[in-house]
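Given the coordinates of chain L, work out where chain W should sit on it, guided by the hints.
There are 2 protein chains.
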Amino acid sequence: MSGILFGVGVGPGDPELLTVKAWRLISGASTIAYLCANGGQSTALEIVRPFLPDAYKSIAIDMPMRVERQPAQAAYDEGSNRIAKDLDEGRDVVFLCEGDPLFYGSFKFVSERLIQKYDVVVVPGITSISAATAELRQPLVERDETLKVLPATMSAEKLKSELATASAAAIIKVGRHIDKVKAVLSELNLLDQATAIEHATRPTQIIRPLNEIASPTLPYFTTIIVRRK
Amino acid sequence: MSGILFGVGVGPGDPELLTVKAWRLISGASTIAYLCANGGQSTALEIVRPFLPDAYKSIAIDMPMRVERQPAQAAYDEGSNRIAKDLDEGRDVVFLCEGDPLFYGSFKFVSERLIQKYDVVVVPGITSISAATAELRQPLVERDETLKVLPATMSAEKLKSELATASAAAIIKVGRHIDKVKAVLSELNLLDQATAIEHATRPTQIIRPLNEIASPTLPYFTTIIVRRK
Numbered sequence: 205m206s207g208i209l210f211g212v213g214v215g216p217g218d219p220e221l222l223t224v225k226a227w228r229l230i231s232g233a234s235t236i237a238y239l240c241a242n243g244g245q246s247t248a249l250e251i252v253r254p255f256l257p258d259a260y261k262s263i264a265i266d267m268p269m270r271v272e273r274q275p276a277q278a279a280y281d282e283g284s285n286r287i288a289k290d291l292d293e294g295r296d297v298v299f300l301c302e303g304d305p306l307f308y309g310s311f312k313f314v315s316e317r318l319i320q321k322y323d324v325v326v327v328p329g330i331t332s333i334s335a336a337t338a339e340l341r342q343p344l345v346e347r348d349e350t351l352k353v354l355p356a357t358m359s360a361e362k363l364k365s366e367l368a369t370a371s372a373a374a375i376i377k378v379g380r381h382i383d384k385v386k387a388v389l390s391e392l393n394l395l396d397q398a399t400a401i402e403h404a405t406r407p408t409q410i411i412r413p414l415n416e417i418a419s420p421t422l423p424y425f426t427t428i429i430v431r432r433k
Numbered sequence: 205m206s207g208i209l210f211g212v213g214v215g216p217g218d219p220e221l222l223t224v225k226a227w228r229l230i231s232g233a234s235t236i237a238y239l240c241a242n243g244g245q246s247t248a249l250e251i252v253r254p255f256l257p258d259a260y261k262s263i264a265i266d267m268p269m270r271v272e273r274q275p276a277q278a279a280y281d282e283g284s285n286r287i288a289k290d291l292d293e294g295r296d297v298v299f300l301c302e303g304d305p306l307f308y309g310s311f312k313f314v315s316e317r318l319i320q321k322y323d324v325v326v327v328p329g330i331t332s333i334s335a336a337t338a339e340l341r342q343p344l345v346e347r348d349e350t351l352k353v354l355p356a357t358m359s360a361e362k363l364k365s366e367l368a369t370a371s372a373a374a375i376i377k378v379g380r381h382i383d384k385v386k387a388v389l390s391e392l393n394l395l396d397q398a399t400a401i402e403h404a405t406r407p408t409q410i411i412r413p414l415n416e417i418a419s420p421t422l423p424y425f426t427t428i429i430v431r432r433k
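From first to last, the protein sequence lines are chains L and W.
Residue numbers 205 to 433, in our numbering, belong to the letters of the first sequence in order.
Residue numbers 205 to 433, in our numbering, belong to the letters of the second sequence in order.
The following block holds chain L by itself, in its conformation from the complex (with noise of 0.2 angstroms):
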């Protein structure tokens, strides 16, 4: 009997905020997997230390943090082929996901390798989203209201227009697209319904209004949320 990979999400940051079941597979694992930057730290495995059993195999699959796909692709190949001889020898493995798995995760450049031949459980994870409108206090939408997920790297254009006809939207991958994003909210006159939330439920965590940021970048893990009024 083969062992069955868990994509198990980890959530945004706050390690309570991880679900029973990850907890359970956690606390329980023999095999755990996560992706590490350039040999070195994994937020995934960060989030979820006070949960870690005392021993554990890890299986660190080391992403090179370059703009070409091919090497990524290579550390997906071999990272996925370490996790099937665990899979082989009957044992199940635990990947970690920041948020949850299946939403602008990394999980499935594993689970695309493994699928056709293993069992795969997916364990959804709290989205950055849902933390950082948790946060806010403030209903992100209700009744008949339309949501949009709009990742900063789109074209001004087409978040311009995504934006003109929505009833909320979380703008995600801000970085250093972020003075693109205020301009557009600018022309719409959303500016000022627009809240920043920097690494929601993270120690480092830092809540502003939009139209009070006057730096160039914000972290990667920000997330806008847009609310009209």
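These are computed hints drawn from the structure, not numbers from a lab.
Hints are not guaranteed to be accurate.
Said to hold, decoys possible - In silico BS3-like cross-links for lysine-lysine, where the CA-CA straight-line distance does not exceed 27 angstroms: (1) L/364 - W/364; (2) W/312 - W/261; (3) W/377 - L/433; (4) L/384 - L/362; (5) L/362 - W/433; (6) L/433 - W/312; (7) W/433 - W/384.
Bear in mind the structure is a predicted one, so any value in this text is a computation, not a measurement.
Using the frame of chain L, we list chain W on its own:
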């Protein structure tokens, strides 16, 4: 010292999809509030039943299931007054919310009546969209894609224009709007790329390709996931 009002998301149905924070607050609660329909059951209370404390005070807010808004608003007034009484006496109140409290949730109707006077803390929950996606084991959105959350109650024309520019969409509140949704998806050649998930992660869960569904209504808690190939 007044008590704190906790708006706690209990997720889509599987009790293990509660967060650790929700579990901690619910299992230690002295007062638990929730909505129920016409004197009957509360889905949120059913979800958390494995985690309820041995003894607690219930504040059941009976919602009249009628089209007019006034009776519902009167029920929220009355329920909020009962919650305020506990908060005034220094007791925390845990208000149970299906899914995520601020994502198409009813918690706003309670919190807007109490947030000026009392501390309110929101604990995010797993949405039915994350749950449905996890059951499908396919990515919902990745890289620079746009996600739209579209209530099926909107007009066919608006639904069509929004779907035309979405990489992926979650159509919620399906119920008796199924034929309209199918017609629009068909016009856009997206019908074959849509899957209906009824009651995600509950014992009554059903997953079907949308093009295999002939019935004129689906449960209200059906999510249709559309992902452009």
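Hint by hint, here is what the structure shows:
no. : hint          : result
1   : L/364 - W/364 : holds, 19 angstroms
2   : W/312 - W/261 : holds, 22 angstroms
3   : W/377 - L/433 : holds, 23 angstroms
4   : L/384 - L/362 : holds, 12 angstroms
5   : L/362 - W/433 : holds, 20 angstroms
6   : L/433 - W/312 : holds, 15 angstroms
7   : W/433 - W/384 : holds, 22 angstroms
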